[in-house]
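Please arrange chains R and W on chain U, whose structure you already have, making use of the hints.
Protein chains in written order, with numbering that gives the first Met the number 0: chain U, 0 to 352; chain R, 0 to 261; chain W, 0 to 273.
Because the hints were derived from the structure by calculation, they are not lab data. Quantities reported herein were computed from a predicted structural model and do not represent experimental measurements. Think of the CB as a built atom: it goes at the ideal place given N, C-alpha and C, for glycine as much as any other residue. You may find that some hints are simply not true.
Stated by the list, open to error - Derived Cβ-Cβ restraints for the label pairs, each shown as a range:
| # | chain 1 | residue 1 | chain 2 | residue 2 | range |
| --- | --- | --- | --- | --- | --- |
| 1 | W | Leu94 | R | Thr253 | 19 to 25 Å |
| 2 | R | Gly96 | U | Ala132 | 53 to 59 Å |
| 3 | R | Ala7 | U | Gly235 | 32 to 38 Å |
| 4 | R | Leu254 | U | Ala132 | 32 to 38 Å |
| 5 | R | Leu70 | W | Ala40 | 42 to 48 Å |
| 6 | R | Ser159 | U | Glu20 | 40 to 46 Å |
| 7 | R | Thr177 | U | Arg69 | 56 to 62 Å |
| 8 | U | Thr220 | W | Lys266 | 55 to 61 Å |
| 9 | W | Ile21 | R | Pro128 | 39 to 45 Å |
| 10 | U | Glu20 | W | Thr262 | 24 to 30 Å |
| 11 | U | Gly235 | R | Thr253 | 46 to 52 Å |
Said to hold, decoys possible - To be clear about the criterion: a stretch of chain R counts as covered by chain W if any three or more of its residues have a C-beta under 8 Å from a C-beta of chain W, and this derived list gives those stretches:
| # | region |
| --- | --- |
| 12 | 33-41 |
| 13 | 61-71 |
| 14 | 93-105 |
| 15 | 147-156 |
| 16 | 177-190 |
| 17 | 216-227 |
| 18 | 242-254 |
Unchecked claim - A short list of chain R residues far from chain W (calculated; beta carbon distances all over 12 Å):
| # | residue |
| --- | --- |
| 19 | Leu46 |
| 20 | Glu50 |
| 21 | Asn51 |
| 22 | Ile55 |
| 23 | Phe130 |
| 24 | Ala164 |
| 25 | Ile199 |
| 26 | Ser203 |
| 27 | Phe207 |
| 28 | Ile213 |
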Amino acid sequence: MTLPLTIDQITAHYGATKVLEDLSLHVADGELVSLLGASGCGKTTTLRLVAGFMQPTKGTIRLGDKDLTRLPAHGRDIGLVFQSYALFPHLSVMNNVAFGLKQRKLPAAEQKARAMAMLERVGLSHLADRLPAELSGGQKQRVALARALVIEPPLLMFDEPLSNLDAKLRVDMRVEIRQLQRANGTTALYVTHDQEEAFSISDRVAIMDQGRIMQLDTPETLYQRPANSFVARFVGFENLIPLTVTGRDGPRVRAVTRDGAALSLSQDRLGPIPDAFILATRADGLRVSGDPAAEGLAATLGLRTYLGRAYQYRCEAAAEPLVANGSLATPFEPGTRATLIPDPDHCAILMPE
Amino acid sequence: MSRSIHPALIAMTVLVYIFLIGPLVIIFGASVSDTTFLAFPPQGLTLHWFENIWEISAFRRTIVTSLQVALVGTFIALLIGIPAAYALNRHRIHLPGWLSTLFVLPILVPEIVIGFSLLRSVNVELGVPVFASLLIGHTLLVLPYVIRVISAALASFDFSIEEAAVSLGSHPVKTFFTIVLPNVRSGVIAAFILAFITSINDVSVSLFLTGPGISTLPIQILAHVEQFFDPTVASVSVLLMMLTIIVMIIVERTLGLTVVAK
Amino acid sequence: MKRLAGWMLSSPATLAVSLFLIIPVAATISVTFTAPGGLLAPYAEFFDSAFQRTVLWRTFEVAAITTVVSLVLGLMTAYVVSRCPPWMKSVLIILAVFPLLTGVVVRSFAWLIILGRNGVMNNTLEWLGLIERPIALLYTQTSVVIALIYIFIPLMILVLIGVLENIPDDLLQASASLGASPTRTFVQVVLPLATPGLIVGAVLVFTASFTSYATPHLLGGTRQMMMGTFLHQRAMVTFDWVSASTVAAIMVVVIMTTVLVMTRIAKRLNPMAA
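So here's chain U without its partners, still in its complex pose (with noise of 0.2 Å):
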């Protein structure tokens, strides 16, 4: 059985310091949402909460119609793994499966078996008796994932479970408790700093940001349009470029730059454009051509380095730093005069702040 997980406008403090504010978050039954954000976000504090490990000023917790808010976390039933894994040292592998199993009082026989079955699943049954200090990274991770499944439990939590692995194994875990999730069809709330794991991984991805969800979208979603130029920032578009519209011809609209360099776009991709706006790209989204005479911001370019892929520069537009890539069959000196062409299919438009 698996259930909804329903956070609705909870508060949190440490002491006096306001962590969360009237944060609420609705997790579908069966689907996976990640809390991404820098640490101090507010992340790993929601986790908290929805563990029990803390109790919020206010607001309501609720996992299918259970109102969890005032539970002890033992009484919550909530599978949970852990950055450092927390393996019980003192138990062996299968003890350390079995440890929920336990707690509920099912017959030895059925502890055992099930753990068994579990630790088959995740490829460790033949470690079974060994103590978790004698394992490696990889196999604790997965002996504390098939700690936290054989419960059954109708919510999985993730504590930034991959940080202590190393790059490649990194990136195996993840599709593998992305296929143990979907297999189990358990509804789960997985926290993290690596942008790159929440969105390979999420049917969701909450970007937090001062105690707020700063946008809650799929992935796709949050990568191509995000809503606000802090999500922008962190999803990797490194131009902001603050304008405002002068005149408007059907879909197409002009603008200027702050300091008054005009550019001309097409709401016919860009989507509907307010009087004043910022246009946000990546560097690939905004194309150097060696055409001044060519419709887009003049710029100078700056220093150049080599991606592989294409050339990328550092330059001077519009009394902006922007960073923009160049193709590879023509490469450019700093100091060349040059057209910075924004490509519609690669750009936001967000409102100003």
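Then chains R and W, alone, in the frame of chain U:
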């Protein structure tokens, strides 16, 4: 925070702390009692028993001896303990494993056995004077604390800083004093204080190393209590507790008290 | 060169310990083997005497009771302290450090005032109407045990706070998330992980109370002699140094054996070391 603790456990803890602190409060009360015997709660208030400490020459003498032995003994222990701790950290691979065990022996061997053995061998057989024997005993007693505390400080010292200094042309000996020592300063202070307090409070080693006119304060307290059951000892105890408080304040100001807890 | 530097720097301390500890203690012990009357005669004499057997047994008993009681009280207290909010934890730690830094003589002396004929305890009992005239509380085994517990409980509390704080919070949270109540978490997770530390604390208190002098001297007197006070009496009152050396040797053997055996057990029980 959902850190619920069973009320019975909290009640137990409160009782344990009353048990810990209560007797010390009682000493304080007894030290100001205007009676010729030890009484609590105090009957009447007087500071007479504090004056009495100075009127009894044995207390005057032993306080001086205790301070001398504690200061000099601790100083010698630092003098030989710091190089040993440094060697144990820096040259561990070149030194045998039993060396660090050797340095904990003064804690491992019962103090009273050390005291008695020093009396037999050093004082009686070698004819070393009582005061010097006492000094040897106390140096030995505090040496393990000095080595352990300074080793702990050195363990968290990044020796590549020392190598950097040497690579910049500083002589190794000079580097030790200008680079290493200042960085483990708090360890040295902690070691000094721990050693000083241990020495001042010692009974079992000093017990055998007393002679005509030479004794330490704790031994004098034991002797006085046997003959007189008056509040003088309570006042001496209060003085010793005040010394402890001063030391704790110094530690708190310079290092934070958690150092002592370790 | 480097090898030499290490030896040179550690040699003063090595020399001091060898000259003033190893040789004198070895000399003390060797006396018991070369005494007139044949090999081990001093030991035969020691164990032949009912009085001396009683002293040894009493010392064991007092040290064991002191250890067990301090362990239980210390563990409960340390558990509560380690779960307190930070500021309160600091205060409670300071309140435990203070008695620890106050000398054994001073702290034992406090119990003279409490347990004496006109002491706090007798006055209180009289006032409560539980007794009619002062009863003898001093110079009993109980008075020695109470005072020793008092002396060593701060040490136990501080050691055990360290032990409990070394158990990662994550493990306790993992246990709770898997459905274990605080009590079950304590029994199934905290206690097994704390066992090596509990053994260390117990060894510290056992050896220190087994070899204590000031406390049994002040509160037990000649009636409740323990190994420490007995050694002193033999050495400084009856001047029987062979007998005193025998007592010393027995103490060394008991302490060394306890320490070696228990630290080995503690090491084996340490799951983190595997």
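Task: Violated hints, by number in ascending order, as checked against the structure - done: 2, 3, 9, 10, 13, 15, 16, 25, 26 and 27
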